[in-house]
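> Chain by chain, the residues:
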Amino acid sequence: MSNASVYDQLGGSAAIDAAVDIFYRKVLSDDHIAPFFEGVDMMSQAAKQKSFLTMVTGGPNHYTGKDMRTAHAHLVKRGLTDSHFDHVVKHLGDTLAELGVSAELIATVASVAESTRADVLDR
Amino acid sequence: MARLVYDGVEVDSRDGETVLEALERAGAVVPSSCRTGSCQTCLLQAVEGEVPRAAQVGLSPGMVARGGLLACRCLPSTDLMLGPADALSPSLAGTLRRIEAVGDGTVLRVWLTVPELDWLGGQYIHLQRADGLSRPYSIANLPGGDVELHVAIVPGGQMSGWLSEAASGTDIQVRGPAGECVYVSGEPDRPLVLAGLGTGLAPLLGVVRSALADGHTADKHLFVGARAASGLYLLDELQQLAADEDSVHLHLGALDAEGTEGVSEGKLEDHLLSQVQTLKPARWYVCGAAPWVRSLQRRLFLAGASLSRIHADAFTTRSD
Numbered sequence: 030m031s032n033a034s035v036y037d038q039l040g041g042s043a044a045i046d047a048a049v050d051i052f053y054r055k056v057l058s059d060d061h062i063a064p065f066f067e068g069v070d071m072m073s074q075a076a077k078q079k080s081f082l083t084m085v086t087g088g089p090n091h092y093t094g095k096d097m098r099t100a101h102a103h104l105v106k107r108g109l110t111d112s113h114f115d116h117v118v119k120h121l122g123d124t125l126a127e128l129g130v131s132a133e134l135i136a137t138v139a140s141v142a143e144s145t146r147a148d149v150l151d152r
Numbered sequence: 187m188a189r190l191v192y193d194g195v196e197v198d199s200r201d202g203e204t205v206l207e208a209l210e211r212a213g214a215v216v217p218s219s220c221r222t223g224s225c226q227t228c229l230l231q232a233v234e235g236e237v238p239r240a241a242q243v244g245l246s247p248g249m250v251a252r253g254g255l256l257a258c259r260c261l262p263s264t265d266l267m268l269g270p271a272d273a274l275s276p277s278l279a280g281t282l283r284r285i286e287a288v289g290d291g292t293v294l295r296v297w298l299t300v301p302e303l304d305w306l307g308g309q310y311i312h313l314q315r316a317d318g319l320s321r322p323y324s325i326a327n328l329p330g331g332d333v334e335l336h337v338a339i340v341p342g343g344q345m346s347g348w349l350s351e352a353a354s355g356t357d358i359q360v361r362g363p364a365g366e367c368v369y370v371s372g373e374p375d376r377p378l379v380l381a382g383l384g385t386g387l388a389p390l391l392g393v394v395r396s397a398l399a400d401g402h403t404a405d406k407h408l409f410v411g412a413r414a415a416s417g418l419y420l421l422d423e424l425q426q427l428a429a430d431e432d433s434v435h436l437h438l439g440a441l442d443a444e445g446t447e448g449v450s451e452g453k454l455e456d457h458l459l460s461q462v463q464t465l466k467p468a469r470w471y472v473c474g475a476a477p478w479v480r481s482l483q484r485r486l487f488l489a490g491a492s493l494s495r496i497h498a499d500a501f502t503t504r505s506d
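As given, the protein sequences belong to chains A and B, one line each in that order.
Using our numbering, the first residue of the first sequence is number 30, and each one after it goes up by one.
Using our numbering, the first residue of the second sequence is number 187, and each one after it goes up by one.
Any given hint could be a false lead.
To give a feel for the contact side, a few chain B residues facing chain A, derived at Cβ under 10 Å [unchecked claim]:
hint	residue
1	SER219
2	GLY223
3	SER224
4	GLN242
5	VAL243
6	GLU366
7	GLN483
8	LEU488
9	ALA491
10	SER494
A short, non-exhaustive set of chain A residues, derived as facing chain B with CB atoms under 10 Å [what the hints assert, rightly or not]:
hint	residue
11	SER42
12	ILE45
13	VAL49
14	ASP50
15	LEU57
16	MET72
17	SER73
18	ALA75
19	MET84
Because the hints were derived from the structure by calculation, they are not lab data.
The structure presented is a predicted model; accordingly, all values stated were derived computationally and were not measured.
Using N, Cα and C, we set each Cβ at its ideal position, and we do this for glycine too.
If we strip away everything but chain B, and leave its shape as in the complex, we get (with noise of 0.2 Å):
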């Protein structure tokens, strides 16, 4: 038996009652759906007590770091001050360092400083300003210093048309991280694919340069796209990985290729999806624009790759 605490709501947990049951016994509402351990709808963050492994599965790390757990998995074996899922995502004090126009002007290379923020590579954080108006950007590097964003500038954007004026040392709030676009480590033999379309890059750098500093071995195909060539960007860096690194492969599209050497014209899905049956044990990730990266999902999907080895980040651009 244990004592649970969550919302205003204190019960006794009973013998092999998870803490999702016992907690709508007591009349809490807790937003749940499979009850499997598999959708986490009903994540929940222990404030205080012991969290049982079992209640923590298919958790990212910083989730399990701080407490989270599947209300519907766990069989508590202390008592546990829970709290909703929110409270993963406490509001972070950073700073602007530098805004650099990159490509053909229409992406901005964002640096600021949140000194409590960590992260895994390919996840993103919401920057908040001031005044409430908060977006979803990903991260494309590693914790250790300063968090680097790609953020493509929407005509009329609020975020990014103020981003694109802000003056270094600008404070900003941050909350975060989220995502699951993120390596999983312990498969050093399985090739990765990586595809993203403008800014979907920054996760997929953040990705890519996980796998390289977990000692990943294999092959990692990073397929990078925009609508004209001149749409791509950090072009130096990516043939500098590719060089520095034999397993990091670089393919370049564009649907207009605008004649540049190294830049296969076409749609990028469709030198990607003529790797599945080769690749088809990979792990796949999809980053870009919502429209496209959902229905490469199902394309990948449906071409024989597997749904729990594909990773999207699906990115939704609001012109206001």
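In isolation and in its complexed conformation, chain A is listed as follows (with noise of 0.2 Å):
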């Protein structure tokens, strides 16, 4: 097991469901950074969170630094900033854990997402 990727461990596709469900809700719940989600389409998001959720956890995904960017430069432009970055990962890092995954697996997929801060942040 120690080749698998935290995605398989978790269980593919259907547990990335449930994981969306989790990370979602405590970033909608976070005063901090729930802002830059305002009058965004759920589903849509969902959809987007669960690329994110199935790319850090080294599930079959198409990341690209581009569109990560692409997809953040306005959120920059209002004010998005490291520290709503270090919120999502420590919400992504709470909602593995509730998921059982380990620490030390926690702390590989917290370096694939702080691997993408440079282009969420547009620097």
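Join the two chains into one complex using the hints; note that each chain is given alone, in its own frame.
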């Protein structure tokens, strides 16, 4: 199992749906970052959250930094900064912890998420 | 290897390559987003060829039947002649049959004959007038006869104004059906909670009727609301449905109940949200004006409902 991705260990696509519920609920309940999600269509946003969670847990994905940069550029103009990014990474870790992922693997996932920071913050 | 044809591009797929990857390699422009089979942006239609089941996960039965496929999930096993998903929704000939003002007269119940239309309860169609004016309306009944629509009369609204004066026998074009606010088969024990404001009732009736036809046994809580009690419509039919079907529970609400018996005064969403804790595993349907739907969707989710079990149909109204 040591080579299996977190994605596979969680149980693939269906488990990611459950993770999206937990993760997105944390994000929307966090007053520090929720304003960035005002007026956003929840269902299309959930599809993006699923792509993101699939990518950071090592599932099949087609991540491009360019997409991430384009998608967040308007938020950077509205004041998206490191502290918002940090909150999202924390909610990601808490979500995986709730799903029983080990601290070691959460650290791996967090480092993948960390690798998107420059793209998300457009620098 | 399979030969793929799409939008003037012809390409042989390579081993392990999806339709989306092969078409992009050949220079075709295919809209795509998540590439994991969830967003359905890369939906295409196979006009010829066999579509692998794995490329149809999450598509409606209608789309599956008509060769819909997610290009990002499709490893072709035969040659495929492909078209854009628009081809899934051809224009069909229809005829207006009967138009009846209901409730306080602000809603039209419209029946039309569309011989070639098949749909799932809760889906919507676009009505297209001869001059091209087109508006979406939800279907309130199940296939097997005329299509029943509920049309809110919008002050100054072109289509609703025209419909309120249209004669039986008038020809009209129909596009569709579309929409994912539909009954999900295979979960007869899962309660359904359905909430609609105004003509949001129409798709909910479609879903309830589908559920009953499918033998769904768990409770179906139908919350129907309007600004004032006089704006509620089809009350006799709704009460009859609840009386005939033990599993259907009707909750009527209005901001101003006007002293009407059986109508709770207050916001429909407050009645609904008070049920979330007890009905958490339910499947939720929310239909009505877009701002109300978006807000309720979010509140239901934050209160514990699963996103994958919240179905929404958000109506946008054009007053021209």
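> Hold the hint about VAL49(A) up to the distance rule: shortest CB distance to chain B must be less than 10 Å.
7 Å, holds
> Holds or violated: is there a CB of chain B closer than 10 Å to the CB of SER42(A)?
8 Å, holds
> Let me know if the C-beta of GLN483(B) comes in closer than 10 Å to any C-beta of chain A, holds or violated.
6 Å, holds
> May I ask you to test the interface hint for SER494(B) with respect to chain A, counting a Cβ-Cβ separation under 10 Å as satisfied?
5 Å, holds
> Using 10 Å as the Cβ threshold, decide whether VAL243(B) counts as touching chain A.
9 Å, holds
> Is the hint on MET84(A) kept, meaning its closest Cβ partner in chain B is under 10 Å away?
At about 9 Å, which falls below the 10 Å cut-off, the nearest Cβ of chain B leaves the hint on MET84(A) intact, so it holds.
> Quick one, is the SER73(A) hint okay against chain B at 10 Å, beta carbons?
7 Å, holds
> Quick check on the hint: GLN242(B) CB to chain A CB, less than 10 Å?
15 Å, violated
> Any CB of chain A closer than 10 Å to the CB of GLY223(B)?
8 Å, holds
> Taking 10 Å as the limit, does the beta-carbon of ALA75(A) come near enough to a beta-carbon in chain B?
5 Å, holds
> Measuring from the C-beta of ASP50(A) to each C-beta in chain B, is the shortest one below 10 Å?
Holds: closest Cβ of chain B sits about 5 Å from ASP50(A), inside 10 Å.
> Holds or violated: the hint that LEU488(B) contacts chain A, with Cβ atoms closer than 10 Å.
Constraint on LEU488(B) satisfied, holds at 6 Å.
Going down the numbered hints, you'll see the structure goes against just number 4.
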